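Residues per chain are reported as follows:
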Amino acid sequence: MKKEFSQNLGFFGLFLCMLTTILALGSIIYFIAARGFSVLSWSFLTQVPYSAMTKGGIAPVIVGTFYITLGAIMFALPLGIACAVYLCEYSPKSIVVNIIRISINNLAGVPSVVFGLFGLAVFVKFFGFGVSILSGSLTLGILALPMIISSAQEALLAVPQSIREASLSLGATKWGTIKNIVLPTALPGILTGVILSIGRVAGETAPILFTAAAFYTRGYPKSVFSEVMALPYHIYALMTEGAHPDKQRAIAYGCSLVLLFLVLFISGFAIFLRQRQRSLYG
Amino acid sequence: MDNKIKMQAKNVDFFYGKNQALKNVNLNVYANKVTAMIGPSGCGKSTFIRLFNRMNELVAHTTLKGKILLDDLDINSPLVDAVDIRKRVGMVFQKPNPFPKTIFENISYGLKVNGIKDKAFIEQKVEDSLKKAVIWAEVKDRLNDSALKLSGGQQQRLCIARCLAVETEVILFDEPCASLDPISTAKIEELILELKKDYSIVIVTHNMQQAARVSDYTGFFLLGELIEFGKTQDIFTAPKDKKTEAYITGRFG
Ligand SMILES: Nc1ncnc2c1ncn2[C@@H]1O[C@H](COP(=O)(O)OP(=O)(O)O)[C@@H](O)[C@H]1O
Ligand SMILES: [Mg+2]
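Chains as they are written, first to last, in the working numbering: chain Y, 16 to 297; chain H, 3 to 255.
Rather than coming from a laboratory, the hints here were simulated on the basis of the structure. Source: prediction; values computed, not measured. Do not take every clue at face value.
[What the hints assert, rightly or not] Below, a list of computed lysine-lysine pairs in the DSS-like style, where the Cα atoms sit at most 27 Å apart:
| # | chain 1 | residue 1 | chain 2 | residue 2 |
| --- | --- | --- | --- | --- |
| 1 | H | K233 | Y | K108 |
| 2 | Y | K194 | H | K67 |
| 3 | H | K119 | Y | K140 |
| 4 | H | K97 | Y | K194 |
| 5 | H | K142 | H | K127 |
| 6 | H | K119 | Y | K189 |
Chain H extracted, bound-state conformation (with noise of 0.2 Å):
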């Protein structure tokens, strides 16, 4: 099966100041996938994932060695605007971080950041990210309520809502189901699914069933090293790595 590759990690050293947060790191990001980040907690997944849209540029005395492509462009080009790589490249966080407006213009907002003004067509466009990312039914009858009335699972598909109005080629979700609880993360983890026909994606979890579940492949990390990366069914029924056995059958932190 030859998958189309999205997006490539190259030979990347990451360091804060001079703590190296990530070693060496080399990843394909396939096309129309899920890919899967694991580990324990401070193993560089966020550093990692954050990468991707050039998001640790807002962090001060950080040094990136190596390369990231997004359909072979070198998205850390001098001749590359970091605006444009996020217009392609969107993101989910952790925490829901929803924008203290009302929830039709937190979705709104990303459609006028790209320069839409039809009035027309950016509320067909809510209603259909809102649709996409199933919490329409819950807010359609209160699009003007502030978005932080609502509870914190549906804050976060507000939030993958957001993301997917602005038809990014990728989206990078980092943990967006740590807070939540159990059925929120099982509508997120059905989204997801349904969302890989029209994008790539990458989703980092410390949860070994959850990226079981969702990805095609996945990345085992440890102290800033890719120890193994490879399909998900492999990672998981037959490590090649000690550690990464050791990880996935409970053994470790």
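Chain Y extracted, bound-state conformation (with noise of 0.2 Å):
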């Protein structure tokens, strides 16, 4: 009886914990739909912007964030995947790896502002690429790169020794077993880091401050060399500067809006394959 009583004591608990998650998550969700959801509209998603950002869509910003975050990935997925690659199955157990794995981790907790200075120095300065799509997305890529190298080592490790065993047993080669057998047993949990450093990497306002983001720019980017506009720092841009702050705090609600459901549907095609992926090797 009493044990029974703690037992829905506890049950409730952890109910209310779950509750309080789902009402933050919620409440923001609600506050920022409430606000900018009076500017969405068709035109508002297609248009390049106008009259001093007030009139017109936001489709350049959008098309912006597109761009730097998949140049973002394209980057660090694969340089990622090859460190992870390295450090779980090809290198020695020396204090030299282990400095490099507690780097990578630390990595993963420097401020995103440092990146931007670092991005500014080395891509924007030092191999000139200037304030353009590259260089916010190189600068993007490393910020997304320990989230990618921790998870694709935790997928990695968490392909059973017993799997390598058989495919080596049977004649195959080291790297041949890793590229056919270890990587597509590790692709599910490979996507899942790549789905969190999508999230993190197309809202991140502080690397591309100074590496790729410009408040105005007339019309879409032209090549990897352009400047663009990005939600975040749209955002941030329409809420600190400007002559009409009034109606571009509606617009930046708006974008708000727009960046959830953009990183919404990126992680939920990511989501996708994984569930495809594992229902095929389920």
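Since each chain sits alone in its own frame, please combine them into the complex, following the hints.
In structure tokens, the structure reads:
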């Protein structure tokens, strides 16, 4: 009797925790939707802005965010997987490798504005890519790298030794085993890391502040060397600059809502891929 | 009866770090015969069988002394690639370990590894291997299903088929029936008897009845030592060593 009571109390506590989380998430979405929904329209999504940002849409901003996010993942994914494969499958267990591991984990804790300054110094200035999609993508890519590496490492470690042995016992080489057995098996786990990093990358402001973003560009980006407008920075700029703060504020909420949906959409797609992969292998 | 020797262990010592797992083991694997290794858990049977296809190399900090020969070739010679040895000496593991791929891909994998690209040939070979491993009837309509959906016994026969497709000369079975039900076990035992026409077979088992049923030669291991090795019939009816006798009559751990 007493036991049952304490058990129920426990469940109730857990339920409350869950409720709090959902309430927090729900209220964020509610407030942003309530303030941003009024500006949402087809033309908001498909037109370029004009009249000092107060009219038209945010299409180039969405496109810009899409480009730098895609660029960042295209850069960080192969590099991150290669790093993880080296660390998990090839590296000898030495002090140097351990230091590398620790550095990667610490990289994840570096404040994003520091990445921004790094990108400015290295990509914008040293390599001379200027303030551009390329510089922004590379900077965001480095930000995403530790996330992708550590989730890829986890996914690789989760691949059972028994199927590696099976592959080797059939006369496969080590690299053949990694390429054909280990990586495909680890893919769903790696995609989880990608999902997380996409959400992070698309929403980051500080790293693109000095490396890619402009408050206003005329039309769409023309090449990887163009400056771009991007959603997170655009929101910041709308709230802090410009001559029409009230009109801009509504647009900023509209942008937030779009960013939220964009991230949900991209994540949804990655989850779909992962699910398909799992059902294939499950 | 003079039997051709297929593989040979000569004065083999094996260490995990400082722990000695095998002590001066000498044993012959005869061509087209089934050689069984029996002994209590932890006596080094798996360690020993994994030396025949150089699987123990995957474990860090191990030392091997002595020689393993395959048709007079020293398989651990620096001139020999482990990959080439494994193409000649296949292995079926204790726990079924199909790849998380389709049934078809599980079998075709070994062929692709060997550089075979001819689709018709691969399809034929997949069918033949599945038939040989007596699982064709159960899977022929679902070759594109995930192999992980099969039952444990089916998975193990699939793993055998996977090994057969590569056409090795020797097959090593490490307690292939340990996690299987009696019916699957019987099927696999029958299969092993069938396979010895084409292969030299080594099987680890801690089931003595199984050793008696399927093997021609038996080696009894205890604490890393090969206590006795000889014709299965002799080992089971007239063991020379007291410890062997104690083990096979069940007066032992
Ligand atoms: N990977 C390993 N690392 C260290 N010791 C091991 C390893 N595998 C087996 N051993 C040790 O070697 C001995 C023999 O083990 P094993 O060959 O698995 O025995 P069996 O197959 O007869 O049960 C045991 O004492 C075991 O603890
Ligand atoms: Mg064993």
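Q) Out of the numbered hints, which ones does the structure contradict? A) 1, 2 and 3
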